[in-house]
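Asker: Make a model of the complete structure from these sequences and hints.
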Amino acid sequence: MAAGGMRAASPPPHLPPLLVLVGRHGAHHARTSPAPPPSRPCLSRGCRARAARPPTPLTRGAGLSLIGPPGSSVAADWLVPPSVRGRAGTSYPGRLLPLPFSSPCPPVPVPRLRRGGGGAEPRRAEPPRAELPRRMTPSQWDFPVELCCRPMAFVTLTGLDVVYNAVHRAVWDAFCANRRADRVPISFKVLPGDHEYPKCRTKRTSYEWYIPKGILKTGWMNKHLNLVPALVVVFYELDWDEPQWKEKQSECATRVEIVRQSLQGRNTKVAVVLIQKKTPLPPGEDVIASERAAALCNACDLSGKSLFVLPHTDHLVGYIIRLENAFYEHAQTYYYTEIRRVKSHKEFLNKTTHQLLFVRHQFKIAFFSELKQDTQNALKNYRTAYNLVHELRAHETNMLEIKTMAGFINYKICRLCFQHNTPLDAIAQFRKHIDLCKKKIGSAELAFEHAAWMSKQFQAFGDLFDEAIKLGLTAIQTQNPGFYYQQAAYYAQERKQLASMLCNHDSSVVYPNPDPLETQTGVLDFYGQRPWRQGTLSFDLSDPEKEKMGILSLQLKEKNVLHSELIITLLSNAVAQFKKYKCPRMKSHLMVQMGEEYYFAKDYAKALKLLDYVMCEYRSEGWWTLLTSILTTALKCSYLMAQIKDYITYSLELLGRASTLKDDQKSRIEKNLIKVLMNESPDPEPDCDATAMKASQKLWADRVSLAGSNVFTIEVQDFIPFVQCKAKFLSPSFHVDVPVQFDIYLRADCPHPIRFSKLCISFNNQDYNQYCVVEEAYQQSDILEQSSQGTMCLVPGKTRKFTFKFVAKTEDVGKKIEITSVDLVLGSESGRCVILNWRGGGGDAASSQEALQASRSFRRRPKLPDNEVHWDSLAIQASTMIISRVPNISVQLRHEPPALTNEMYCLIVTIESHEETVAKDVKLTAGLKPGQDANLTQKTQVTLHGTDTCDDSFPALLPDIPVGDLQPGEKMEKPIYIRCGTVGTRMFLVYVSYLINTTVEGKEILCKCHRDETVTIETVFPFDVAVKFVSTKLEHLDRVFVDIPFLLMTDILSASPWPLTIVTSQLQLSASMTPVDQLESYVENVVLQTGESASECFCLRCPPVTNASGVATGCYVISWKRSSPVESVPVVSTVITLPHVVVETIPLHVNTDLPSFGRVRESLPVRYHLQNKTNLVQDVEMSVEPSDAFMFSGLKQIRLRILPGTQQEVLYNFYPLMAGYQQLPSLHINLLRFPNFTNQLLRRFIPTHIFVKPQGRQADDNSIAAA
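Sequential numbering from 1 applies to the sequence shown in the UniProt record's numbering.
Please note that the accuracy of each hint is not assured.
When the alpha-carbon atoms are kept at most 20 Å apart in a straight line, the in silico SDA-like pairs for lysine to any residue are as follows [as the list claims (entries may be wrong)]:
1) K246 with V287
2) K582 with Q477
3) K203 with V228
4) K971 with I908
5) K728 with R800
6) K380 with V342
7) K971 with V891
8) K645 with T628
9) K662 with D683
10) K1196 with R1243
11) K666 with T628
12) K698 with Q717
13) K758 with S830
14) K432 with A394
15) K278 with V228
16) K805 with P732
If you are wondering where the hints come from, they were derived from the structure by calculation, not from laboratory data.
Fair warning: this is a prediction, and the values are worked out from it, not measured in the lab.
Answerer: Rendered as structure tokens:
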């Protein structure tokens, strides 16, 4: 920082500015280095164009995460996925650092650490590795840690006492603890001020006579990562107002000088940070600070950009972050200078003698570019270095060094391609690398080294690929890390084979002494060189004997390598990847290889576990050759572990039809199986390890001597044994009075006939088990007897049938009898007994597939003898139903449909017995069949008594009506009465059950028989009732008037196909209605045929009501019955609810007294009665309008006043002039108080026409009068 003009990156709003003191050199600008988030690449087609674009630098991780005592250093070297950039508290596998209580930040995980060399030396984090099921032990083929880690600028901090000084400890924690992803990538280390750094060699001025001894020294990368810093920072506590300023300034200058002396010859930058207790003033206000800063820069020989002030305040982390940015810029400058220095050396090189130096310098430039975080240039220079490596002259003597460096550079190129989100470029580079190097084998005696090197290349690329996927790369099923792990395992297997051939020395051969692989320093000088001839570039071997001893020592070391462990680890990684990307067959294939490797590694338990898992898939898919190979290995494992049950199980399957072994091999396995059943030790399996075989023979001897349980139950449903079983009931159902019969078919596929001792079948009702057992006793030595005369002897290729029958129990009627298991016993209890158990009716893992193939086959089967059947034509029938005995009675139903609503419908049930013995305890169940609509159940009632009408309390179904016993040939009738409350279709059930004694297989049983009949009955309305309101003139009324008589007319129309008798009818009026005359029924005992109707008319009036909008009229009750000669038929009452009527009041009612007819030229007196229906005095204007058919006498126009509740009479004499139906003179009335009262309303009460008779003779008059 400068005392003068200050320009620094703006701190957060809550932080004071970090003082950056600059001298006359100008201002220093602290900057951060954020990187844009990378795009998420994928490996599918179409992504190549995207990958070819200029890649976006992939964001690196938190840069560093440091813990430890003084002198410690930790650098995190994983990549942070783009989704978590800039977030604190990102979760990674590892352990979490504890936070101080005052820290507001969440914990950030740190990688697992590896111990360093000394007590105060730092512990450096290992590079991230793919999570393996088992950790591989380090070997010479593992890439060095410094190659795999992420290169970061190395900065050392001096002058900090982090053990005893709390302020210094807080500064160190701010640098190393809880580092976020957006902080600059720097590796920090605390060192003492007088620390001795590696000495710088004398600079070479000419390369003319210089011959390089190798490509890259083994310690060079570690030196620039952890030993030679890009920047040394000297921390010193000094305030601007320090009283002893001169002494402190001198002491600070001395410390800086000591650091410079230890870095003599290096381009390492030096910076000073003053730790101050006080917060500095804003720039330009503290004149003393500016002056003393310039003086301190002169005393320490520093530029203004290399002096910083760090106030110890509450916002220490904010100052540290800005300080890191300044350190990062100094480190960038240092590595830029180093790149320039290395490039300058290339000018003195020639391609004749300095080919190795071209590769070395190009690699150094790329590595320094990585330290500078210039990954684009680093990738460019690594590619150049890779091409230069393959331009080197290759010979057996330097082949390993060339491949080693090619592998290192290829790793860097692929890692940077994945980092730049160009995975297709990484894959292309790796394929190119493998194509160039796969034929560079080197010495034939060390060919296993080439296989080990190839395996490591594929494994490393798989790790890089998997790491990129975890950081956001999208892989696809056909391009995933599993293929590279698989190829790595393949080369590891090739390494194992080559080592078994090349390192198969006698036990007399001893390891050379002195050890050719030892060096004076314990490490190689150059990567990839032989320890016994380091630095030798000649193609001619000067000491063949030493070369021979070196090769021998490498071979002897290779002999002790646990190859199976390496192979299993790689295969496990591949299986995990193929499982992740849903490649089941690849997973199964590799699991088989893992099982075989466990077998070679003599871990037989794990081998069996893996092989058992894979067998299921190969069985289901029908890979019989693969299954046989796996079973053979599993049989060896079970033999070597002396696992009796597993040994028997695998032997059973290897003898079966799915096995592809030859007959002689099957015969050997069958004999071994019989030996095991006879409690003897089996013969060893071929191609087993001799040492393991001896141990297994001892285990078998122990198994023979043990007096434990010798009965083994093997469920064969899930594999394919050498015995096939099928169970088949002869019928899907059996009557309870008929014996249940079924057959068990057995077929053997083993080479020789074999005897079984027992066959038993189990059912879901265990009471039947005792009837289905076949047992045959024989000597143990007769198990493999060639004679096939025995009942339980199975001849290969022949089908043996066993028939069973038993009598079902009466309580199982209506239930299903199922075969739950079939047990076939092999051996005897005196030796070892094996129970082959089939679940259900038999069949195994291949039965369903074979049955499907047989059903699709069109080949004609050859004709067999009558006692033999085609096995494929047999279908498993493992269950049957027990049904009741066939009833020998008849049930007839007699009725007269359809049923009428609410009538007691009679259904006559006729039962006749045809049994030979007495039918006991006959019961009848009748009524609505269950399972129909619930509304039908509620509106249907059934009874045995038809004389009384039943109500809703009666049930819809009458169960178990006792009828008594029926003698043979006896017939009886039972009437059932049904009441249906609603129309619709109903299904009725009549169920007759009885008991009868019968004999089955000499056993007398009591059978319950039943017969049921169903009948569908349609229910209809018996009649339709029409109701209407009319006036006294028989005109339709839509409303009635208070106290004005009107007529209620009913019309009953028969809808029944049968005659109906109307017993009576009754009109039940509501309180708001009153009859004018006595109410009587006019339809009593009327018989209506289909379509006939009966009508009634009632004269009613409505007194004044409060609610005139709608008045209830009442009910019309019709009592009826179906016409029948039977007098006991109950009468049904049907209630018809009459419609409501609108009631209105009328101010004036006019009633007319008029003769029924008139006669021409005879006086016709007409009297009009005007009645006031209101409480007011009515002024009435009345007029009569003449008619052409009449003359009249009386007042043509009159005005009246009618008092409330009274009436006036007006008399007219009409004189008819014409005969016929003539119109009367019209009466017009006008009410002054009710102007809305119209004459139209009067016409409902006043007659408008009358029939006029003509004048005639007296006789005619008498006849007319009589008529």
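Asker: Does K203 pair with V228 here, judged by a C-alpha cut-off of 20 Å?
Answerer: holds, 17 Å
Asker: Verify the proposed pairing of K645 with T628, using a straight-line Cα cut of 20 Å.
Answerer: holds, 18 Å
Asker: Does R1243 sit within 20 Å of K1196, going by the straight-line distance between their CA atoms?
Answerer: Roughly 18 Å separates the two Cα atoms, so the pair holds.
Asker: Need the status of pair K246, V287: alpha-carbon distance at most 20 Å?
Answerer: holds, 17 Å
Asker: Verify the proposed pairing of K971 with V891, using a straight-line Cα cut of 20 Å.
Answerer: holds, 10 Å
Asker: Quickly compare the C-alpha distance for K432 and A394 to 20 Å and report which way the hint goes.
Answerer: OK: K432 and A394 at ~18 Å, within 20 Å.
Asker: Verify the proposed pairing of K666 with T628, using a straight-line Cα cut of 20 Å.
Answerer: holds, 12 Å
Asker: Does the structure keep K380 and V342 at a Cα separation of 20 Å or less?
Answerer: holds, 16 Å
Asker: Does the alpha-carbon distance linking K278 and V228 stay inside the 20 Å limit?
Answerer: Roughly 34 Å between the alpha carbons, so the hint for K278 and V228 is violated.
Asker: For the pair supplied as a hint, K728 and R800, confirm whether the alpha-carbon distance does not exceed 20 Å.
Answerer: holds, 13 Å
Asker: For K698 and Q717, compute the direct alpha-carbon distance and say whether it is at most 20 Å.
Answerer: Violated: K698 and Q717 sit about 33 Å apart, past 20 Å.
Asker: Sort out whether P732 lies within 20 Å of K805, counting only the CA atoms.
Answerer: holds, 14 Å
Violated hints, in rising order: 12 and 15; the structure is consistent with all others.
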